[in-house]
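Visitor: So you can see what is in the structure, the chains are spelled out below.
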Amino acid sequence: MTSGGFIERLRTGLWRDNPGLVQLLGLCPLLAVTSTFVNGLGLGIATLLVLTASNALVSATRRWIRHEIRIPIYVLIIASLVTCVELIFKAWFPTLDRSLGIFIPLIVTNCAIIARAEIFASRNSIGVSIADGLGMGAGFAGLLMALGAFRELVGHASIGGFSFADRGFLLAILPPGAFFALALAVALKNHIDRKPGR
Amino acid sequence: MSDQGIIKAGVTLALIASICTALVAATYQATHERIAANEKALLEQSLQPALSGVFYDSGVSESRLVLQPPHDLPGNDPAVIYRVFAESKPVAALFAVTARDGFSGPIRVLVGVEYDGTVTGIRILQHRETPGLGDKIEATRSDWVFQFDGHSIGDPPVTGWAIREDGGEFDQLTGASITPRAVIKAVRDTLLYFDANRETIFLAEASGEDE
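Those protein sequence lines, which keep their order, are chains Y and B.
Quick note: the first sequence uses this note's numbering, first residue 1, plus one each step.
Quick note: the second sequence uses this note's numbering, first residue 1001, plus one each step.
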């Protein structure tokens, strides 16, 4: 994979190789927490922070890490960062932390993060790796927010907690609704990409 | 990998592990006071609705009393009692107890009782009842739990602490009678326990912060 410039990394993460839409990574939290916009936003930001910091650390230490022990080191770095982010959320965003619950600690298991460490950060300089983390994190966060907003709109008939109708279409906030919404998002992306002229 | 390689790898791993641990420790140091304060505030806030109409000293969460099973309160898991004081005089008590016979699993109920045995508020802390039917026991979904406020053992008498279908004086929920039955029974047993043990409850030593 080529490194490319800063903008190119952002664009790759946000759209071309979007971890959720294209690589289909990290779907468990993606499907589980996107029942509201705020939840999607919260987990999105947490994942973005962890991904960027882990890319930076992995890239910064890449010259000293022997190939044989790289995986335990990635796991250590990612788990520590997730713990820090969890503590920070608990201290400054307690309400959000409560509604996200177990999914904050579970960021550790988001394969999108270890995949970026292995595929990108371990082979590229720190600046580009940070850009990659930001791009991929923003791509993931953006998808979480879009799905959250869509499902909240259809399922709760509200947006960001402000409700404008009594009831919504319940299916959207149940687990199957998450799959439908993701499928729609993937289909929409493919449709846009296939338009002539791109 | 050569012997030297293994040692090098081990040292690297140990080094990175210590750096990561230091990072987590520093974050913990910077956040743990805030986190403890948040948790305390959340607890006090969650207890407050069950004490409507009662004036009391702050710091209710510090008066926690945990009864390990077997105890005489409903449920076979630890029951938690908060003693509520106003100007150091006992005015009310809160009980977190478990109704074991819910429709789908145990229901955790918070019962607030004034010193004279009058209910100051009931809230459902945890349950897995059917959405749309049994979950109307939640204060946010219907006003069913509010019907107990102001009642006590004697008003109605013990036999009246049941749903109308069973000859009692309290409303059931449309489409769900097992859930209300379980909640009412837990509330009634809690009130009976309070009437019998009122004196000792307020004298007992608080039993730590963790449930």
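Honestly, the hints are just simulated from the structure, not real lab data.
Be aware that a few hints might be false.
Simulated pairs of lysine to aspartate or glutamate, EDC-like, Cα-Cα distance not exceeding 20 Å [said to hold, decoys possible]:
no. : chain 1 : residue 1 : chain 2 : residue 2
1   : B       : 1008      : Y       : 68
2   : B       : 1185      : B       : 1039
3   : B       : 1040      : Y       : 68
4   : B       : 1089      : B       : 1166
5   : B       : 1089      : B       : 1062
6   : B       : 1008      : B       : 1033
7   : B       : 1185      : B       : 1205
8   : Y       : 90        : B       : 1195
9   : B       : 1185      : B       : 1195
10  : B       : 1185      : B       : 1138
11  : B       : 1185      : B       : 1135
12  : Y       : 90        : B       : 1039
13  : B       : 1185      : B       : 1101
14  : B       : 1089      : B       : 1044
15  : Y       : 90        : B       : 1138
Visitor: For each hint, tell me whether it holds in the structure or not.
Guide: Consistency of the hints with the structure:
1. B:1008 / Y:68: Roughly 11 Å separates the two Cα atoms, so the pair holds.
2. B:1185 / B:1039: Violated: residue 1185 of chain B and residue 1039 of chain B sit about 30 Å apart, past 20 Å.
3. B:1040 / Y:68: Cα-Cα ~46 Å, so violated.
4. B:1089 / B:1166: violated, 39 Å
5. B:1089 / B:1062: Distance of about 15 Å is within 20 Å: holds.
6. B:1008 / B:1033: violated, 39 Å
7. B:1185 / B:1205: Measuring from Cα to Cα gives roughly 28 Å; hence the hint is violated.
8. Y:90 / B:1195: Status violated; Cα separation ~39 Å.
9. B:1185 / B:1195: Between residue 1185 of chain B and residue 1195 of chain B the Cα gap is close to 15 Å, so the pair holds against 20 Å.
10. B:1185 / B:1138: Between residue 1185 of chain B and residue 1138 of chain B the Cα gap is close to 16 Å, so the pair holds against 20 Å.
11. B:1185 / B:1135: holds, 17 Å
12. Y:90 / B:1039: holds, 9 Å
13. B:1185 / B:1101: Distance ~9 Å between residue 1185 of chain B and residue 1101 of chain B Cα, so the pair holds.
14. B:1089 / B:1044: holds, 19 Å
15. Y:90 / B:1138: Since the Cα atoms of residue 90 of chain Y and residue 1138 of chain B sit roughly 26 Å apart, the hinted pair is violated (cutoff 20 Å).
Comparing the model with each numbered hint stated earlier shows that hints 2, 3, 4, 6, 7, 8, 15 do not hold.
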